[in-house]
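Let the hints inform the model, and build the full structure from the sequences given.
Chains as they are written, first to last, in this note's numbering: chain H, 1 to 253; chain E, 1001 to 1097; chain G, 2001 to 2331.
It is possible that some hints are incorrect.
Computed cross-link-like contacts, EDC-like style, restricted to lysine to aspartate or glutamate with a CA-CA straight-line distance of at most 16 Å [unchecked claim]:
1. G:K2300 to H:D93
2. G:K2169 to E:E1050
3. G:K2322 to H:E210
4. G:K2300 to H:E27
5. G:K2268 to G:E2236
6. G:K2318 to E:D1033
7. G:K2318 to H:E210
8. G:K2228 to G:E2107
9. G:K2322 to E:D1033
10. G:K2226 to G:D2028
11. G:K2318 to H:D151
12. G:K2262 to G:E2250
13. G:K2322 to H:D151
For the record, the hints were derived by calculation from the structure and aren't laboratory data.
Since the model is a prediction, treat every value here as computed from it, not as a measurement.
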Amino acid sequence: MATAETNVPAILEIADDCLILGHRLSEWCGHAPILEEEMALANMGLDLLGQARALYAHAGELEGKGRSEDDLAFLRRERDYVNCLLVERRNGDFAHTMLRQLYFAAFMQPFWREVAANSTDATLAGIAAKAEKEMAYHLRHAGEWVIRMGDGTDESARRMADAAIELHRYTGELFMASPARQKAIADGLLPDPESLRGEWDATIATVFAEAKLEMPEIRVMQKGGRDGNHGEDMGHLLAELQFMQRAYPGQTW
Amino acid sequence: MTDKHDLTPLWEVFIRPRNGLHHRHVGSLHASDSALALQAARDVYTRRGEGNSIWVCRSADIAASDPSFAEANFEPADDKIYRHPTFYDIPDEVGHM
Amino acid sequence: MYSQGLIGADSSTTESEEFLAAFQARIDREEKIEPNDPMPEGYRRTLVRQIGQHAHSEIVGMLPEGNWITRAPSLRRKIALLAKVQDEGGHGLYLYSAAETLGVSREQMTEELLSGKAKYSSIFNYPTPTWADIGAIGWLVDGAAIMNQIPLCRCSFGPYARAMIRVCKEESFHQRQGYEIMMTLARGSEEQKQMAQEALNRWWWPSLMMFGPHDSDSTHGDQSMKWKIKRFSNDELRQKFITATVPQAEYLGLTVPDPDLKWNEETKLYDHGEIDWAEFKAVVSGNGQMNRDRIRDRNKAWDDGAWVREAALVHAQKRADKQHIAREAAE
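Written out as structure tokens, the structure is:
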């Protein structure tokens, strides 16, 4: 069956994930710990922003109300952004940034693989085929760094462990399906995130083992992003992201 | 001041633009090990579709010929014209050879 | 992006007349000099200094534009700006590599930047208060840099010339990116036009200063020209830049903030007003609005990253030890 307007909210969830994480990575520009990593962080940010553009454009078309990629990216209220909490977490140190990237990429790479192979939406499948390769690289790059920091110096190991304790609690939301997501799953657009859990667990366990990192025991996973209930950092992120569009409404840039 | 021993090693990067061509030296970068050097080479030197294969090697591992010995090394080859096809006289009527 | 106006290079050299003459003969034959070739100490020192300053300029140059990545007004602009600033980082990297062929390490050069000992292009000590500054930097600052960098592709030192060829190829989109922003603003609302004009007012004179002091006041030019590190004088390049840029401003409907600017039918060049060299000297010597902020930001990134660099080195050592033990056990 054809993708319908009712699937727009599910597509926006993924688009917002890409936009917000891409934005976070772009905050590093000019401030990375190593010149070579400037290049890597910007590359990953560009990948995600590119994915966000394609997804917003698709969502806008499906919606049929004439909203452009920029309308969707810049002109919604905080409550209307439906990214998961993980991607909006502030950059913190390089350990936090790389672990956040690992968690996200370890989910998105198989996610896009399934979309590319099975989605009933040809446009989404096309976006996915490209995005899967990009996320495979993010997974590898972030994984290599998590291993080096986890099994590096005492300080780096401590910082990695802190990052794991802080961020692991936001990974549960990756596997939760909002009502919008359930509809998209039923329509054959997107895979059930729960079906990707085994692969994600295995990927993270492999990296953690090599990094000599302990898997934090988290009893309560945080959630709320898919309902528009964000953390305190989100408003600040949007204040920057939306600054020009809000300060000078209705102009072309 | 940086201790010499703490310097992140320098690597030379070679990229093959496409199959059928040689890997070609494109520049260098710093990385603590070969895996990161390969990833950095990808991020630094292939942002515009410059290639499909990367080699990296530690700059310190390259042995280079001595420029002060360049004349002894390379000039003796200059007058060995018998190594080139034009040295040999073959009549035109024999055709291309 | 960088332009000449090499600050404080000492090209004095102590080799024998015969050595210098032989070296000059190679230069005059347009032979490229490669890192292991014999070269006058002054040539090496000038290059280390110039390539280092050029590399630092790329790295510090990421900051004023980086100031707007998170606030870029559309996704298209955001991506273009991030890619552009990333390129600057890459160019810094290529240039550090070129300097490293002369036996100076990136760490040494970085320390000189962070301690304030090494200079970088003064243009980056101006702030970017509005989005239009991003347009003006791309158009004017990158435009000025290109004027300088294209001749550097023919620089006599091989690694520098090769790095510049790569840089120029990649930078070809940078100026267009900036001009497109200016064009959109100039065709936009009154507010946008004003924003564009104000940015042009802010960046015009500093861009002209990027070419360095007048030839009559420049002490290092002659030797650099003789060694073909530099191919054109400061004033020649500045004039070329003005000639190329004034019609572009006219096309935008913006006014170049120089009442004395006028076309000279005789020279076929624009005559321009007096450059405020006192301001130039103040900014070069550390008294620009952003000098302290730029160096503080670079120091912070470097200091905050120290544990990451150390962790990577320690991990690499652990791996090497493990492999070594495994090899010994197998023998």
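Which of the numbered hints above does this structure break? Failing hint: just 8.
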